[in-house]
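Sequences listed follow chains A and B, in order. Each residue of the first sequence is one higher than the last, beginning at 15 in the numbering used here. Each residue of the second sequence is one higher than the last, beginning at 147 in the numbering used here.
Hints are computed from structural coordinates only; laboratory data are not their basis. Glycine included, C-beta positions come from ideal geometry on N, C-alpha and C. Careful: at least some of the hints might be erroneous.
[What the hints assert, rightly or not] Here are the in silico distance ranges between beta carbons for each label pair: (1) B:S265 with A:S236: 39 to 47 Å; (2) B:R281 with A:R283: 44 to 52 Å; (3) B:R544 with A:L273: 49 to 57 Å; (4) A:G217 with B:N229: 24 to 32 Å; (5) B:T493 with A:S76: 17 to 25 Å; (6) B:E284 with A:E288: 39 to 47 Å; (7) B:K183 with A:A250: 33 to 41 Å; (8) B:D181 with A:S76: 27 to 35 Å; (9) A:R150 with B:R391: 44 to 52 Å; (10) B:R544 with A:A94: 56 to 64 Å; (11) B:E353 with A:A250: 44 to 52 Å; (12) A:Q146 with B:R281: 24 to 32 Å; (13) A:G211 with B:A545: 52 to 60 Å.
[Unchecked claim] Distance condition first, Cα-Cα at most 35 Å in a straight line; then the derived DSBU-like pairs of lysine-lysine: (14) B:K397 with B:K278; (15) A:K240 with B:K521; (16) B:K507 with A:K120; (17) A:K240 with A:K136; (18) B:K420 with A:K241; (19) A:K265 with B:K332; (20) B:K183 with A:K204; (21) A:K240 with A:K262; (22) B:K354 with B:K397; (23) B:K522 with A:K241; (24) B:K332 with A:K230; (25) A:K244 with B:K339; (26) B:K420 with B:K339; (27) A:K120 with B:K522; (28) B:K415 with A:K136; (29) B:K507 with A:K262; (30) A:K136 with A:K204; (31) B:K415 with A:K265; (32) A:K126 with B:K507; (33) A:K126 with B:K521.
[Unchecked claim] Reference excerpt, derived from the structure (chain A facing chain B, CB under 10 Å, subset only): (34) I223; (35) F224; (36) L246; (37) E248.
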Amino acid sequence: MYTVPLPRIGTDIAWRDAARRLIGAGVSPEDILWDFGAEIGELFATATPLPPLTRRIKAPQSFMALADTVVWHKDPQRFARAYALLWRLRHQPGLMQDRGDPDLAKLRQMEKAVRRCQHKMKAFVRFRDLRQGGARRSFAAWFEPTHLTIEPTAPFFARRFADMDWMIATPDVTAQFVDGNLSFHRGQPKPDLPEDGAEALWGTYFCNIFNPARLKVQAMTSEMPKKYWKNLPEAAHIQSLIEGAEEKVQKMRDAAPTLPPLRAERITRRLRGEDP
Amino acid sequence: MPHLDLSQKLAILSDAARYDASCASSGTARRDSRDGKGLGSTESSGICHSYAPDGRCISLLKILMTNFCIYDCAYCINRVSSNVSRARFTVDEVVQLTIEFYRRNYIEGLFLSSGIIRSPDATMADIVRIAKRLREEENFRGYIHLKTIPDAAPELIEEAGLYADRLSINVELPSDQSVQAYAPEKNPDTIRKTMGDVRTRKAAATEKSHTGKRGKRFAPAGQSTQMIVGADESTDATILGQSTRLYGDFKLKRVYYSAFSPIPDATAKLPLIKPPLIREHRLYQADWLLRFYGFDVAEITATTSDGNLDLDLDPKLAWALQNRALFPLDVNRASKEMLLRIPGFGTRTVGRILSTRRHRKLRYEDLLRMGASLKKARAFITAQDWSPGTLTDSANLRATFAPPPQQLSLF
Numbered sequence: 015m016y017t018v019p020l021p022r023i024g025t026d027i028a029w030r031d032a033a034r035r036l037i038g039a040g041v042s043p044e045d046i047l048w049d050f051g052a053e054i055g056e057l058f059a060t061a062t063p064l065p066p067l068t069r070r071i072k073a074p075q076s077f078m079a080l081a082d083t084v085v086w087h088k089d090p091q092r093f094a095r096a097y098a099l100l101w102r103l104r105h106q107p108g109l110m111q112d113r114g115d116p117d118l119a120k121l122r123q124m125e126k127a128v129r130r131c132q133h134k135m136k137a138f139v140r141f142r143d144l145r146q147g148g149a150r151r152s153f154a155a156w157f158e159p160t161h162l163t164i165e166p167t168a169p170f171f172a173r174r175f176a177d178m179d180w181m182i183a184t185p186d187v188t189a190q191f192v193d194g195n196l197s198f199h200r201g202q203p204k205p206d207l208p209e210d211g212a213e214a215l216w217g218t219y220f221c222n223i224f225n226p227a228r229l230k231v232q233a234m235t236s237e238m239p240k241k242y243w244k245n246l247p248e249a250a251h252i253q254s255l256i257e258g259a260e261e262k263v264q265k266m267r268d269a270a271p272t273l274p275p276l277r278a279e280r281i282t283r284r285l286r287g288e289d290p
Numbered sequence: 147m148p149h150l151d152l153s154q155k156l157a158i159l160s161d162a163a164r165y166d167a168s169c170a171s172s173g174t175a176r177r178d179s180r181d182g183k184g185l186g187s188t189e190s191s192g193i194c195h196s197y198a199p200d201g202r203c204i205s206l207l208k209i210l211m212t213n214f215c216i217y218d219c220a221y222c223i224n225r226v227s228s229n230v231s232r233a234r235f236t237v238d239e240v241v242q243l244t245i246e247f248y249r250r251n252y253i254e255g256l257f258l259s260s261g262i263i264r265s266p267d268a269t270m271a272d273i274v275r276i277a278k279r280l281r282e283e284e285n286f287r288g289y290i291h292l293k294t295i296p297d298a299a300p301e302l303i304e305e306a307g308l309y310a311d312r313l314s315i316n317v318e319l320p321s322d323q324s325v326q327a328y329a330p331e332k333n334p335d336t337i338r339k340t341m342g343d344v345r346t347r348k349a350a351a352t353e354k355s356h357t358g359k360r361g362k363r364f365a366p367a368g369q370s371t372q373m374i375v376g377a378d379e380s381t382d383a384t385i386l387g388q389s390t391r392l393y394g395d396f397k398l399k400r401v402y403y404s405a406f407s408p409i410p411d412a413t414a415k416l417p418l419i420k421p422p423l424i425r426e427h428r429l430y431q432a433d434w435l436l437r438f439y440g441f442d443v444a445e446i447t448a449t450t451s452d453g454n455l456d457l458d459l460d461p462k463l464a465w466a467l468q469n470r471a472l473f474p475l476d477v478n479r480a481s482k483e484m485l486l487r488i489p490g491f492g493t494r495t496v497g498r499i500l501s502t503r504r505h506r507k508l509r510y511e512d513l514l515r516m517g518a519s520l521k522k523a524r525a526f527i528t529a530q531d532w533s534p535g536t537l538t539d540s541a542n543l544r545a546t547f548a549p550p551p552q553q554l555s556l557f
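Extracted from the complex, chain B is given alone in its bound form:
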């Protein structure tokens, strides 16, 4: 292997890490360094320190420890059968990069992942060593997200949780069959078992013992996972069903959807496609509806016959158009649950409606000031000075929202 300098390694190992969608740095415990003995802080919301031209936020230094890997996952740039350049950081290099980037305010912290080298345990132990060095020797109080390696020993996962804000393990593909077909060395049961372990340990850490003491903090920002969309044949109904189970069974903070995107030196098993970015976007919208708007999967995916989301319309609007009998709703009387189902109303708008209508009746203008998107909402609501008349049931209502046909050819 030719000798690589730090910059060359960084190029290879960040290129290899970019297919992981998560860059979140929010929702962890509050820390700071006001005592003057350490570096860094975390507050309730994360910070996106930059944006790449792919529109994605750069919050963390997202790198692989190494992109050498003994597994052969078809969708992955780092699979053993690929001819990409390989590199490996030393512990010291990762620590120095993190600290020096952090001091210049480039990042919120580190997101460290790795190819599997030698064995899952050996790889996980190296990852933990880096996190431990950052926390205990460098007194680093910024954000750390560690990818847990499937099949690694539970003791290592437990240690990782003491240093990391967030742990994640990717389910990779929406169904067990797909994982078997495209990631033959990975075992979906093992992945779920690891998630279950993390959940149990996190719950144990927040419980008080009989002496009233709490356990040591364990991954305060919780765990997340990622599914690749568009590499296999899974429908959106399958994907969202899987997400619902993951949120329910393992109390995940987030499920990330990653549109399958061309990689260098792809395998013949998985031909390269244009990444299905709109589909990814609709899945995120649906995911939000499931978590914050009281919808369930069946309602959202019933809008089309093939189990996929309507690409032309956001899923809430698509649902409302099919359930027009429930509308229009009176914004001055409708329940919170029903307000949340109005297209163009977000959770904040609904909160504002509820707080204001305690004092007075709402008019159309008020809704504008509250941040509602009335272009979408107006057909579905009545207010003190607004009634949609026949608009709600008009035959061409869908056409006023769907993009004109020629735009479709782009995707």
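Same shape as in the complex, but just chain A:
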């Protein structure tokens, strides 16, 4: 029996390394206990050392990409499931193309959930200006992802916001980008971030880009579930926008046509070449 400790930061690399060694030594899935956050290890300090890496292990590229993603899922079974698939792949090389296989389908579903979570993080992180002065501006955000996705998603923010310093704190891991260097640290409770005046302008935009004649609340919540609202400054307006929508449209309908402003006729005539 192997108990494999996996760290919270760098989980993907640690899992990949352990899986290589174990599959190389022919260790079957039932003989492995994956210990995320190394919590069991401390209680039962009897971990057998992992077998040495003896030969090159080949796995399909598509499997590696899948495993690199599902390790960030919150499901405690993710490591065991990925390893079990790797175990089956030894004798079923075509397995990755079988979209109907239940084990693979389950992992694909988890992969999709992680990708969605990453996508929502890219979309819904809201930075606040820390106004610290200095050559580079600095910003910070608090975000609560559904899965453990800050690590695989942080490089996106590094590519995008390279000319400023930033921090994204999540309950599990915090990403920091300072002077062009990305680093990860253990999570923290929600930090106290300073107010940012831009949020009011953003709210103004949110309220006015909304078309009250097309109210479709469900279409909004399916893409922007309520669990994200508490960290989205614009979400504070949603309730009143919904409540006021019908009245706004009714007003537009009831309003009698008005007379065009005086300048209108002059401009139109000039434009149509009717003016001397």
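Please build the complex by placing chain B on the supplied structure of chain A, with the hints as guidance.
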């Protein structure tokens, strides 16, 4: 004019911009700012940073430079004869809003449009000035979508294409007659000519010269347009016919359909209606069938006698119900082209079927895992352990899909 602060201007000029449906930020060239000298990135897929309660994605800061306009288009909130409040951003204000929103991760970039002031050239020149400032002075590498002003000089359109990811020009209404009736200052021929110019320039930019060098990038995310649905009498057949021509002639990336929606201070010429949202939705579904599923317009619009799409059923299902002789299809043998015609199968499901059936026969359960909607598909397919029996030809099959009558009264 009373003095307006930034927030008041933003309110007026985003309210004025919301009738433009496009908010896409995808499909452009990849860029990033890893060199530390600029701000922003674009990757293959766009990001919707928020959703308004109208269910529409907010990806870009979508604003008008100004809503003053000398044109008098009946469907438009900004027409010269309307009494809405007017405002105008300075170049600096648009640049600052874009950059500050972007830094806080509110947006993917800017979608800038404008009412026509003074002249089309003067307006287009101002739009280009803003884009140039963003790119060259602020080193902004996020997404820029510019609305091109019809009748603007070709040099200005060309310059716009160097800074923008996407250019668009709205055909506004599905037929030339309607444009003449409701947008008398706009000329459908000029609009098409501008689209043609953009297409030619884009093609020229991707060709290599004799030295093997490529031209400067020109609007890498292509061009798009928008048609208003329900303001005039055009049928869906007319609308989709127009789209097909636009996709074909000008290689458009997207045609957007925008249900005519109540505007403040409407004109008596165009009475306000409830926006035909279901119709808009069906048009988008049909548009997809035309582009990705190998259907042609005549097939899709033949399902009803009046040239409009069936509002109760999605167009693929409506087509399949009328062509039942072609079904059921065996998912283990049918060609890709025919698989794409099965209701409830999307392009991804079809891709998965094709890759899996190289290795083994497919069963009903497999299709569920592949993401097929079997509620729709089951009457039209056979699989290793599934046959629809008489279901395919049963008289009440349509009734099992159509919504119960009382829901119709809502629209």
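Please name the hints from earlier in the document that this structure breaks, with their numbers sorted from lowest to highest. Checked against the structure, the hints that fail are numbers 2, 10, 25, 28 and 29, while the rest are satisfied.
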